[in-house]
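S.K.: Chains L and H, in that order, are what the protein sequence lines are.
Residue 429 in the numbering used here sits at position 429 of the first sequence, and the numbers go up by one each step.
Residue 128 in the numbering used here sits at position 128 of the second sequence, and the numbers go up by one each step.
Don't read these hints as lab results, they were simulated from the structure.
Hints may be right or wrong, so weigh each one.
Stated by the list, open to error - Restraint-style ranges between C-beta atoms, simulated for each label pair:
(1) L:L349 to H:N191: 37 to 45 Å
(2) H:D166 to L:E270: 28 to 36 Å
(3) L:G30 to H:H171: 39 to 47 Å
(4) H:T188 to L:D310: 48 to 56 Å
(5) L:V175 to H:A169: 23 to 31 Å
(6) L:V175 to H:G173: 34 to 42 Å
(7) H:C55 to L:T21: 52 to 60 Å
Said to hold, decoys possible - Under the rule of at most 35 Å between Cα atoms (straight-line distance), these lysine-lysine pairs were calculated in the DSBU-like manner:
(8) L:K183 to L:K348
(9) L:K107 to H:K162
(10) H:K162 to L:K279
(11) L:K348 to H:K149
(12) L:K279 to H:K178
(13) H:K133 to L:K281
(14) L:K279 to L:K364
All of these numbers come straight from a predicted model, not from anything done at the bench.
The C-beta atom is built at its ideal place from N, Cα and C for all residues, glycine as well.
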Amino acid sequence: MPGAEAEESRRVAIMSKLNETDIQGFVLRGYNLTYARYFYLHFEDAARARKLIARLLPEITTGQRWDGGKPRSTVNIAFTHRGLAAFELPIATLISFPVEFQQGMKKRAAILGDTGLNAPEHWDELWREGRVHAWLGIQGLTSSALDTASTEMLALIEETRGAVVLDSQDAASQVISGKATTKEHFGYTDGFGNPDYLGVERSTQPGQGKLMPDGSWAPLATGELLLGYADEAGELPVAPIPHILASNGTFMAYRKLHQNLASFRAYLEEHGRQYGGGKEKLAAKFIGRWRDGTPLELSPDAENQAIVQDPQRSTNFTYGADGDGTRCPVGAHIRRVHPRDTFGFNGKLIDRRRVTRRGLPYGKFADENEPVSDSDDRGIIFMALNANLSRQFEFVQQQWIEYGNDARLGNDKDMLLGNHGGHGKFVVQGDGSQTNPPYVCTALPNFVELRGGDYFFIPSITALGMLAMGLVDPR
Amino acid sequence: MPNNNGCVYGLTILSPILNDEKATPSHDLQIRNYLATLPTGETSPFAHAPGTHLCRLVVMDDVIYVGMPACEEHLKSKYLIFESNLDAAGGAGLESYLRGLAQAIPQHLDAVWSHCVGYPGAANAEAFVRYMKACQIETTFFFAAVNDKTVTETLRALQTQKAVADFIARHQGMEHAKLKAEFLEFATRLNAEPLPRPGTMGSRTGESDAWGRGRGIKTGGHNE
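Using the sequences plus the hints, can you model the full thing?
M.R.: Pasting the structure below:
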């Protein structure tokens, strides 16, 4: 019976609808709000911190649908392990968190390949010091809505003296003639295809969940995103005790990725001249999509907005018929981080390596003709949400970004995200034709550099209440 | 033939470790101490043993009792486990591999296996082969990440891959006649290159452990 498994998944999805009022909205939805400000908080006193959370609680945006229209701003909060310790949670609870979260991202540098130019010694002072206890994420429809919400939150912090604001980071979508885009600084259209999960109601499209044997796409198990639910192996993700503290929460890897735009442009310009397919096609080969978002796999020779705008097509493709990568290179970014069926077994090998991405660019956007420098402050705030940092985010970062063996690419790293340090290579597979010849990019600089970040826990609304009331009890 | 996967043989040997109450430290600890000093990678003794893709040595103390409702059981002895993926088609291939070991690294074999019951020493190759085969158990299932190629073929392939990739990167876009001439010259040079030593073709990016030995990619811990 064709589609039977997918049908079953849909049935289960209806049965296990999540309690969206208990889950932070940031976990379930990309808000598509243009402006963001992230505050980094430090708690000095547990009692005052609890008071702050109690006051913040009614302001936190949940995952409830916006049937009554989009709010003008949103507020969400997440904690580092040190931050949770500052609430004086019971030690039995604190040590029950997964090891990688207890350690924090800085101590995982060797595992993540955050060495050399990306090593913690080169991070912003904020992230080197390790004093960040919480991330308070505010988003606004307009910059004045963002300012208003920010002012309100800062007033709460001041009034309760619940936290010290160490720093803040602004980020925003690029606005072109009054319309927010999903472009990032290198000029690529970003933000396609976050995974679907069982029980999460959102507008869904083929290519965003897991590949089924009949070629259809079905939602991933809820436990790949949220603690307290079965994951793709039918197991509960590693989670702290008590269960109710963990349930409906998730973990976030927060990374501030600086973009060396001048290096990128110069490299693309130089090699675009030598590459037979031309500059724009070479840019597309790096990522696996043309800069307007058209997937190479569906349209290898030209951009095609009809595909980009069609939810039935924009993420709906596989690589099985392109084993040698002549359409989309085997090492292209989107093929590395979401290999779909590349490794065979109907894509089963990748279902436990998916992450949900949130994020916005920061810094000034520069037109193609505007002079730029690598030292300009611009980049992207990358936030990956997953139930298990070690199995999902860290695996993808270590094996698929900073290494190439699974893709049979030896030690090659991701072209744009890799920590190349001037070495390494990126192979564009070709078919020998004039406009699609093979090409090898070498002497790769770091197009992207890590400037800091950490691992955060995004608790449920219930768990936030427990924090606020000092009611976390592991027994 | 579950021990075989194409031309690669998965060898598993379990040698009982001497149980001598008077030995200080005990024989299993003496093995552990010696193994801890052995380098990995190209300076590993097993890089000098012909036909070894990879191998590992483990001291197994006992089965671990996990509590009720499991029943408590114990092994009759502590065991040294030796696992090796090696070039050998069939039983005769195994014997020649073991003889090669005895010839290449007898001092290391003796330093480790002299703590095991009934070990005859590597000096007598025939007795050594008989002993190892007596300790062998069927492997049944093993991970062979070497594409059915011998160690020599694998090293040559990696060398060729790297050299050709470098050549392409340096020569792409070159005028055809010149490219052809350069390639012929390159191919002649490559064919004359000696085989790289085992353990030299891997990534060099691994960090060193407390003893200054490279351990390659770090693992993330218990969640994988």
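S.K.: Taking the hints in turn, state whether each one holds.
M.R.: Evaluation of the provided hints:
| no. | hint | in the structure |
| --- | --- | --- |
| 1 | L:L349 to H:N191: 37 to 45 Å | holds, 38 Å |
| 2 | H:D166 to L:E270: 28 to 36 Å | violated, 19 Å |
| 3 | L:G30 to H:H171: 39 to 47 Å | holds, 45 Å |
| 4 | H:T188 to L:D310: 48 to 56 Å | holds, 54 Å |
| 5 | L:V175 to H:A169: 23 to 31 Å | violated, 40 Å |
| 6 | L:V175 to H:G173: 34 to 42 Å | holds, 40 Å |
| 7 | H:C55 to L:T21: 52 to 60 Å | holds, 57 Å |
| 8 | L:K183 to L:K348 | holds, 31 Å |
| 9 | L:K107 to H:K162 | holds, 33 Å |
| 10 | H:K162 to L:K279 | holds, 27 Å |
| 11 | L:K348 to H:K149 | holds, 27 Å |
| 12 | L:K279 to H:K178 | holds, 26 Å |
| 13 | H:K133 to L:K281 | violated, 59 Å |
| 14 | L:K279 to L:K364 | holds, 24 Å |
Checked against the numbered hints given earlier, this structure breaks hints 2, 5 and 13; the rest are met.
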